[in-house]
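Enquirer: Listed here are the chains, written in short residue letters.
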Amino acid sequence: MNKVALFLLVISITLTCGKAGEDLTAEEILAMRDKNMVFDTAYSEIDMIITIGKRVVEKKLTSYTEGTEKSFIEFLSPARDRGTKMLKTGKVLKIYFPSAERVMRLSGHMLRQSMMGSDFSYEDLTETAEELRKEYNVKLLGEEVFAAAQCYVLELESKIENKTYFFIKIWVDKERYIGSKVEFYAKSGKLLKVLAVEDIKSFKNRYYPTKVTMEDKLRKNSKTEMIIKRIEFDILIPQGTFTERNLMRK
Amino acid sequence: MKMLFKLAFRNVFRYKRRTIITFSAISYGLGLMAIGISLYNGVDTHAMDNIINSQTAHLKILARGYFEEKDEVPLKFTIDEPQEIKSLLKDNQDIQGIESRILFQATIISGMDELPCLGVAIEPEVDPLVFKIKDSITDGRFLKPSEQKIILGSGLARDLSLKVGDECTLRIFFSIEDFIWNALDLEIAGIAKTENPMVNRGTVFIPLSLAQEALSLENRVTELAVRIEDKKRVLEVRESIESRLASLSKGYEVVSFEEYASDFRELMRLRSRIQAIIPLMMILIATLGIVNTMLMAVMERTREIGMLAAMGMRKMEVMLVFIFEGALIGIFGSIAACIIGGLGGWWLEAKGFSLAFLGEEISEMVSFLPMEVYKGDLTAGVLIFTLIFGTVISILASLYPAYKAVKLDPIQALRHVG
Amino acid sequence: MKKFIKLAWRNIWRNWRRTILTSLAVAFGMISIIFTYSYIEGVSESIYRTLIETELGHVKIVSREFLRLERVMPREQLVYNAQSIEDGISSLPGISTMTERIKFRLILSSEDENEPALGIGINPEQEKNLFDLRKYLIQGSYFQESPAEILIGDGLAKKLGVGLGDELLAVTSDINYSTYALTFTVTGIFKSGFTFMDKNFIYLSIEKAQEMLDCDGAAHEILLLLDDAGTAADISSEILTFLKESGLDDTLTAVPWQDNFFLTYMPLASVVMGSILLIIMLIAALVILNTMLMAVVERTHEIGVIKSMGMRNGGIVALILVEATYIGLLGVFIGGLIGSGLSILAQNTGLNFTRMMEKMEFEIAFFSPIIYPKFTFGILLGAAVFCLTTTLFAAIYPARKASRMEPVEALRTSMK
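Residue numbers (the numbering used here), protein chains in the order written: chain E, 367 to 616; chain U, 125 to 542; chain G, 49 to 464.
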């Protein structure tokens, strides 16, 4: 296992150095994509624009993330949400409500429900750094042009039975190795969600999507735009960020 | 003794008019009572039948552990060898049909609306042998095996404004604890309006093979629903199935409709307790009628009693004559009552009376007494009760005045003019 | 005629045992009809009353979408200008109370447990007139001054492990998809006897409910209580006209209580109950008929005597009918007294079935756990007319038959 990881790492380093990428395997492409998406830690400032039917709601939030296990989100606006904070450690989510000055602990299926009416679930939002190649078997379907960029088209199939997003189809940008479009499918093959990347920025050691739109296909006329106004990778997260005391800090 | 009985017998026929009146008090009174009680019981029985026909079948074979958590509709207790069980039970003469089914949690999505519902995966070719869903299709048609279509309960269809031919999405939860789900696009093949509003309000029927695939339950099911020839033999059939299944390694339990629908039965029991006053009233007034008529018949005979006593008959013997008379009239009256009650009850059970005159809305109703045709339920128990009750009451009713009369001085009794 | 009345009076007391027995038959008939009828009325009234109190009001003003998707309770389907609608319709005659409710799903969180619940935001003062929760409080008190009070069902309190004075966190998603929470103090615990309600409902002030959903001044339902429930349909259509003309909100509708889905069950119930009552009446009639027949038949000898003394046929029939009337009236009087007495007694104390209902969890409260039979003067009158008519009718046939007999024959058949 370690050897494989090391091998992949070596390969990915050589590839990002710009050497020939013509004959990449599906696994290698996914690894390249994962490398862009996966980080140890990150801090971001996000605008979320939720559209449901004719209604548009805008929310601003900041987020600290450490891998897929820890995440801390604080809402800045609208006024009703300001000061609401969420701390996810492992499979447990704790939410602090300033209006009640109390913390509620949630686990299990709540995490798969829509977060604050958006098209993202709590998990979609807190587990962005998921390494897809650990969870899915991958197959290269071919190449296609998407949003004026040449893309590999990958098909991912879950390694385990119990997964809501059983199949994923990713259009990986051939130059930057970012999934510029992602389709999430149920096991039946029914399309559940579509994520489209509208803007990609380059950072110190990676590319990262900074403007995406998620559409929950089971809801009619609904989409959520997420704009990452600022993101810093692999920063030193202040001590005590992922603690309950921080949650209740005013 | 024999002589006394003969005397009583002769008396019964001598005083024809009195006999006829007493006899009719018993026969009509108890006969009507029997009809009334079967009408009253009919509500329960037929509501139960509707539940059997649309939800519980007569028996359900479940994996051990399922029953206790049945309200959660769990998927972790599965029957892994439904075909084997079916063939094991093939030669059981009592069984009319066995259907493999899966119950699962789902939501149904149409446009902006999403409603929770119960998914029921059925074998379309077997289902009509066990349930009566097929007969309750009001629009469209019944399912065909493994087609990508569903049958929707009429209440759900109305709430979501869906009709035959429309498409909708079914969100199927296959890991209930984690709420991991699958989603299917399905066309509506038909709308079911069963006589059980709970089913109409929240059930989606889907072909079994489709559900097995969507739930990753290849060849597995959560229950086998069994219909048997005679509902009354349910416990015996259960036992024979249980002994057959004992040979299988995995533990199974067999649950009767009464256990499965225990909530409903509880409600029924409550209803019958709350309304027990009604059959009680019937019994009471029929009894009073008989007692009254008997009392009067005996009291009018004080003079006769005096005569018998004057002729040297012992008090005990006089009483016996009266009791024999009461018993004779009581038995024949009760038999007649059973015939009247039996015929009336049978007619009500066979035909019932249609409630169609109350308008279409009725069949749409949400009630726990789901019926369109109101039928009686005549049981042997009611008739046996009528028979014994009528006889006993007649004897008791003749006892008291006879005793009272016997205590009279013969001279005084003779003086008494009836 | 006067002679008959006197003679009949003397006759019925001469054989007082027979008289008592016969009038007892009539009395039993009266009692059973009155009590059964009152009981049936009581059961159906209790079903109506419960539904009206907890769900329907006499008229409900609500958004059509909320009504359609009642099961989901779409929180944004609100009556936004509740106050102006109430002002607008307050001039309509016959409205005794108007009260608003907000209904929403929420999660309650105690120290150790999270439980989903149904929150009902009410206006405590007005709500009392419609659904008086105070009747069901087993601990604590009704809404006082502090705004952060909630009343909670005893089953729910048990699930959450909370008691009086404990704090609860209530979390919900508001109409703008924000997640909002407030802390409440449990100030009352109720036990209505409806298990579903006791296990799932909390009551809070409508202001707090509006704060939670972020919908100041709005409600999901305006419920009206009328002076006369029978006018609900008319008042509903007047409200509909008002809503249309005022242009306040065209997504709303007004629903009279009779239109409720659940109540369509009631005609069926009344047919079932009606037919059972009919059978009881038939049996009662039969008992009276039988006893009367017997009483007259037993008097063939006596009639023969009177006839041989020169009384005409018509006179005999009249005499027996007057006697029957006396007996009937006596029975009706005794039976009416006992039957009404029993019914009124049961009506006031109620027949309590609470303990039997504990096991059941149905969403819709069909049976109130305490049944109060409902006695009306109409029932008494109906039963009296029925029993008296039956008595007289039962006397005519044997009276005529006896009167037509030859005196000698009548004397001879004395006992047969």
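Hints in this document: simulated from the structure, not taken from any laboratory. This one's a predicted model, so the numbers in the text were calculated from it and none came from an experiment. Idealized CB from N, CA, C, for every residue including glycine. Just to be clear, a hint being listed does not mean it is correct.
[What the hints assert, rightly or not] Derived lysine-lysine pairs resembling DSSO-like cross-links, with alpha carbons at most 30 Å apart: (1) LYS457(E) x LYS200(U); (2) LYS268(U) x LYS556(E); (3) LYS200(U) x LYS460(E); (4) LYS586(E) x LYS616(E); (5) LYS206(G) x LYS457(E); (6) LYS247(G) x LYS194(U); (7) LYS214(U) x LYS583(E); (8) LYS422(G) x LYS183(G); (9) LYS577(E) x LYS547(E); (10) LYS256(G) x LYS451(E); (11) LYS194(U) x LYS439(U); (12) LYS51(G) x LYS449(G); (13) LYS214(U) x LYS439(U); (14) LYS200(U) x LYS206(G); (15) LYS420(E) x LYS256(G); (16) LYS529(E) x LYS583(E); (17) LYS426(E) x LYS256(G).
[As the list claims (entries may be wrong)] Sample of chain G residues facing chain U (criterion: CB under 7 Å; computed from the structure): (18) ALA73; (19) TYR87; (20) LEU212; (21) ILE331; (22) THR339; (23) LEU341; (24) VAL365.
[To be verified] Just some of the chain U residues that point at chain E, by a computed CB distance under 8 Å: (25) ARG295; (26) SER299; (27) SER333; (28) GLN336.
Enquirer: Indicate, hint by hint, whether the structure satisfies it.
Expert: Outcome of the hint check:
no.: 1; hint: LYS457(E) x LYS200(U); in the structure: holds, 22 Å
no.: 2; hint: LYS268(U) x LYS556(E); in the structure: holds, 22 Å
no.: 3; hint: LYS200(U) x LYS460(E); in the structure: holds, 29 Å
no.: 4; hint: LYS586(E) x LYS616(E); in the structure: violated, 38 Å
no.: 5; hint: LYS206(G) x LYS457(E); in the structure: holds, 27 Å
no.: 6; hint: LYS247(G) x LYS194(U); in the structure: holds, 19 Å
no.: 7; hint: LYS214(U) x LYS583(E); in the structure: violated, 46 Å
no.: 8; hint: LYS422(G) x LYS183(G); in the structure: holds, 20 Å
no.: 9; hint: LYS577(E) x LYS547(E); in the structure: holds, 12 Å
no.: 10; hint: LYS256(G) x LYS451(E); in the structure: holds, 22 Å
no.: 11; hint: LYS194(U) x LYS439(U); in the structure: violated, 68 Å
no.: 12; hint: LYS51(G) x LYS449(G); in the structure: holds, 22 Å
no.: 13; hint: LYS214(U) x LYS439(U); in the structure: violated, 68 Å
no.: 14; hint: LYS200(U) x LYS206(G); in the structure: holds, 29 Å
no.: 15; hint: LYS420(E) x LYS256(G); in the structure: holds, 28 Å
no.: 16; hint: LYS529(E) x LYS583(E); in the structure: holds, 17 Å
no.: 17; hint: LYS426(E) x LYS256(G); in the structure: holds, 26 Å
no.: 18; hint: ALA73; in the structure: holds, 5 Å
no.: 19; hint: TYR87; in the structure: holds, 6 Å
no.: 20; hint: LEU212; in the structure: violated, 30 Å
no.: 21; hint: ILE331; in the structure: holds, 5 Å
no.: 22; hint: THR339; in the structure: holds, 5 Å
no.: 23; hint: LEU341; in the structure: holds, 5 Å
no.: 24; hint: VAL365; in the structure: violated, 19 Å
no.: 25; hint: ARG295; in the structure: holds, 7 Å
no.: 26; hint: SER299; in the structure: holds, 5 Å
no.: 27; hint: SER333; in the structure: violated, 13 Å
no.: 28; hint: GLN336; in the structure: violated, 12 Å
The structure does not agree with the numbered hints 4, 7, 11, 13, 20, 24, 27, 28 stated previously, though it agrees with the rest.
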